[in-house]
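Knowing the structure of chain A, use the given hints to seat chain B on it.
Chains as they are written, first to last, in my numbering: chain A, 1 to 304; chain B, 305 to 626.
Certain hints may be false.
Stated by the list, open to error - Dumping the calculated DSSO-like pairs for lysine-lysine here, alpha-carbon to alpha-carbon at most 30 Å:
{"hint": "1", "chain 1": "B", "residue 1": "550", "chain 2": "B", "residue 2": "465"}
{"hint": "2", "chain 1": "A", "residue 1": "118", "chain 2": "A", "residue 2": "215"}
{"hint": "3", "chain 1": "A", "residue 1": "118", "chain 2": "B", "residue 2": "550"}
{"hint": "4", "chain 1": "A", "residue 1": "215", "chain 2": "B", "residue 2": "550"}
In case anyone wonders, no lab produced these hints; they're calculated from the structure.
Here's the letter readout for the chains.
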Amino acid sequence: MDYLLIQVLNGVQLGLLMFLLAAGLTLTFGIMDLVNLAHGSLYMMGAYFAWTLIGWTDSFVLGTLLALPACFLLGVIVEVTVARRLYARDHLEQVLATFGLILFFNELVRAVWGPDGKSIAVPAFLNRTVNILPGVPYPAYRFALIAVGLVVAVVLAWLVARTRLGMLIRAGASNRRMIAALGVNIELLFSLVFGLGAVFAGLAGLMAAPIASVKIGMGDDILIVAFVIIVIGGIGSIKGAFVAAMVVGQIDIVGRAFLPDFLKTFMGAASASAAAPAISQVLIYLVMAAVLVWRPTGLFGQRS
Amino acid sequence: MPAPWRTPRGIITVLLLLLLAVLPLLTQAFDQRYLLSVGTRIVIWSIAAVSLNMILGYGGLVSFGHAAFLGIGGYAVGILSAEGYESGWMQWPVAIVVAVAWATLIGALSLRTRGVYFIMITLAFAQLVYYLSSGLAAYGGDDGLNISRSRFPGLIELRDKAAFYWLCFALLCATLWFCSRLVHSRFGHVLRGARSNELRMMALGFPVFRYRLAAFAIAGGFAALAGILLANDGAYISPAMMSWVKSGDLIVIVVLGGIGALFGPLYGTIAFFAVEEFLPPLLDLLHRGWGEYWQIVFGPLLVIIALYARGGIDSLLGRRHA
Numbered sequence: 001m002d003y004l005l006i007q008v009l010n011g012v013q014l015g016l017l018m019f020l021l022a023a024g025l026t027l028t029f030g031i032m033d034l035v036n037l038a039h040g041s042l043y044m045m046g047a048y049f050a051w052t053l054i055g056w057t058d059s060f061v062l063g064t065l066l067a068l069p070a071c072f073l074l075g076v077i078v079e080v081t082v083a084r085r086l087y088a089r090d091h092l093e094q095v096l097a098t099f100g101l102i103l104f105f106n107e108l109v110r111a112v113w114g115p116d117g118k119s120i121a122v123p124a125f126l127n128r129t130v131n132i133l134p135g136v137p138y139p140a141y142r143f144a145l146i147a148v149g150l151v152v153a154v155v156l157a158w159l160v161a162r163t164r165l166g167m168l169i170r171a172g173a174s175n176r177r178m179i180a181a182l183g184v185n186i187e188l189l190f191s192l193v194f195g196l197g198a199v200f201a202g203l204a205g206l207m208a209a210p211i212a213s214v215k216i217g218m219g220d221d222i223l224i225v226a227f228v229i230i231v232i233g234g235i236g237s238i239k240g241a242f243v244a245a246m247v248v249g250q251i252d253i254v255g256r257a258f259l260p261d262f263l264k265t266f267m268g269a270a271s272a273s274a275a276a277p278a279i280s281q282v283l284i285y286l287v288m289a290a291v292l293v294w295r296p297t298g299l300f301g302q303r304s
Numbered sequence: 305m306p307a308p309w310r311t312p313r314g315i316i317t318v319l320l321l322l323l324l325a326v327l328p329l330l331t332q333a334f335d336q337r338y339l340l341s342v343g344t345r346i347v348i349w350s351i352a353a354v355s356l357n358m359i360l361g362y363g364g365l366v367s368f369g370h371a372a373f374l375g376i377g378g379y380a381v382g383i384l385s386a387e388g389y390e391s392g393w394m395q396w397p398v399a400i401v402v403a404v405a406w407a408t409l410i411g412a413l414s415l416r417t418r419g420v421y422f423i424m425i426t427l428a429f430a431q432l433v434y435y436l437s438s439g440l441a442a443y444g445g446d447d448g449l450n451i452s453r454s455r456f457p458g459l460i461e462l463r464d465k466a467a468f469y470w471l472c473f474a475l476l477c478a479t480l481w482f483c484s485r486l487v488h489s490r491f492g493h494v495l496r497g498a499r500s501n502e503l504r505m506m507a508l509g510f511p512v513f514r515y516r517l518a519a520f521a522i523a524g525g526f527a528a529l530a531g532i533l534l535a536n537d538g539a540y541i542s543p544a545m546m547s548w549v550k551s552g553d554l555i556v557i558v559v560l561g562g563i564g565a566l567f568g569p570l571y572g573t574i575a576f577f578a579v580e581e582f583l584p585p586l587l588d589l590l591h592r593g594w595g596e597y598w599q600i601v602f603g604p605l606l607v608i609i610a611l612y613a614r615g616g617i618d619s620l621l622g623r624r625h626a
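In isolation and in its complexed conformation, chain A is listed as follows (with noise of 0.2 Å):
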């Protein structure tokens, strides 16, 4: 019972942090149009950035609170540069230009840190375990990435539902040319939201940092995860992405924590044990394939 409840709460933690990669993809994807396959080098940059500036500072918490700024800089950067031109491409120019975007940040990131990864510590404060319930402990710092994530959530969902900026967002979602058209600076608009996006895949990326490892190619795997989330919970939703991530979260930890022992009652402990990852990716990729048949413009996606 506790190990179920400890491997919800991982699910969880898990789903906030492709929550906080999904959100961007699903905001630029909704506004803008566009399929960006770099989304998962802000993320690896992101992590990048904090390792230097953590080092730089000596502070986990100073380190990282510099390392969003840089994102979000970065995030102008590409918006500027790249992106912008690709608004109004078809689909298939999208792809290859990003594809392209994404060699060259793995390739940059070589030549910068060097091929080896790098380790985040976890830092010193939240380096202990908190009992969740009594007699069971939970690591704190993932305790921490759930709260962050949860905060994160209900921000955006504030900023997207309540606030000016959040008006125009939705506006832009469902007809960027009629908001143009009324005098919205959509230019600033976009390189604002790219931006954000590019912010919210950092701290994504600088949270997994001290659990998973920081590496080249870090961000490409889990990128296509996102857009698996994206695409379940219908692309420009928030809501939806938020629902998918929670639910994708959960089969992948699921899958890794109790698929294992059931495999082995039919096969053998080796075989169980390397079957048990690839069936849970499986499975996620099957509720996607699914929902789409279901719904192929997602679960919360607009009718057209």
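Here is chain B on its own, set in the frame of chain A:
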């Protein structure tokens, strides 16, 4: 209008095919065995690119999971050979039938969606196959598996590099011939018509979905053929041959060569491999040590191609008479 082979495009294409046809003789004469292995890979990837061009170029269907069919072809050969069935007469048809069946199944599901959703669902199905293959502990899992090459007793020995090259080249020519017949048939016209205006084709009474599904299945079969050859080329299979980056590479190749041009995928593959082989030494000439980071140049190059070079290499060879 001059005969097609008297245009600059025709002359260059014929010369290119002649060069490829005699490549093993040249590499033997100049003792460049490495070049033959590059040539073999170029020919095999061209087959895969031609098959992607059938749906991407002529059908307008941006499939981001085409490498999965390569993997299915390769794994069918690999698994059968690991189980002791080494005859190519059995392996190859099985591999292609499995790939076509899988393409029909996922095509039937994917083609219900449009645009970005289609890109993503094809990617998702490819990832599904990728993870399934990496979960196959009995066949090497993540690390892949060394296999023995398909046997065609008395006909051809695939371990013979030159013979294997010529087989691949012959299959490339057959694929190109089939593709040209396909796009100029009624079937191809419907496919291209649906790319330009789906609604109009449906209003004319064509079951566009079924045409696209058939094209998707055929393309899957030819990609599996490339996968079979790839597995036999290296005598090795691994999940890496169907990672999503390979699917991306295939899209790059097709766009680079010229979307919807018959020989575009061939130009694209040659250009892609040429960049991979020659860009690093070129950068090293500028500054020692830069060559290692050639993708810093290649990445922005792709951005520029996507932004400014719509027709790809094919459009450099003059206007096309479709």
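TODO: Given the hint that residue 215(A) pairs with residue 550(B), test it: the Cα-Cα distance must not exceed 30 Å.
DONE: holds (20 Å)
Open item on the list: Tell me if the straight-line CA distance from residue 550(B) to residue 465(B) falls inside 30 Å.
Closed with: Status holds; Cα separation ~24 Å.
Open item on the list: Against the 30 Å threshold, does the CA-CA distance of residue 118(A) and residue 550(B) hold or violate the hint?
Closed with: holds (27 Å)
TODO: Measure nothing beyond the straight line between the CA atoms of residue 118(A) and residue 215(A); if it is 30 Å or shorter, mark the hint as holding.
DONE: holds (6 Å)
No hint from the list above goes unmet by this structure.
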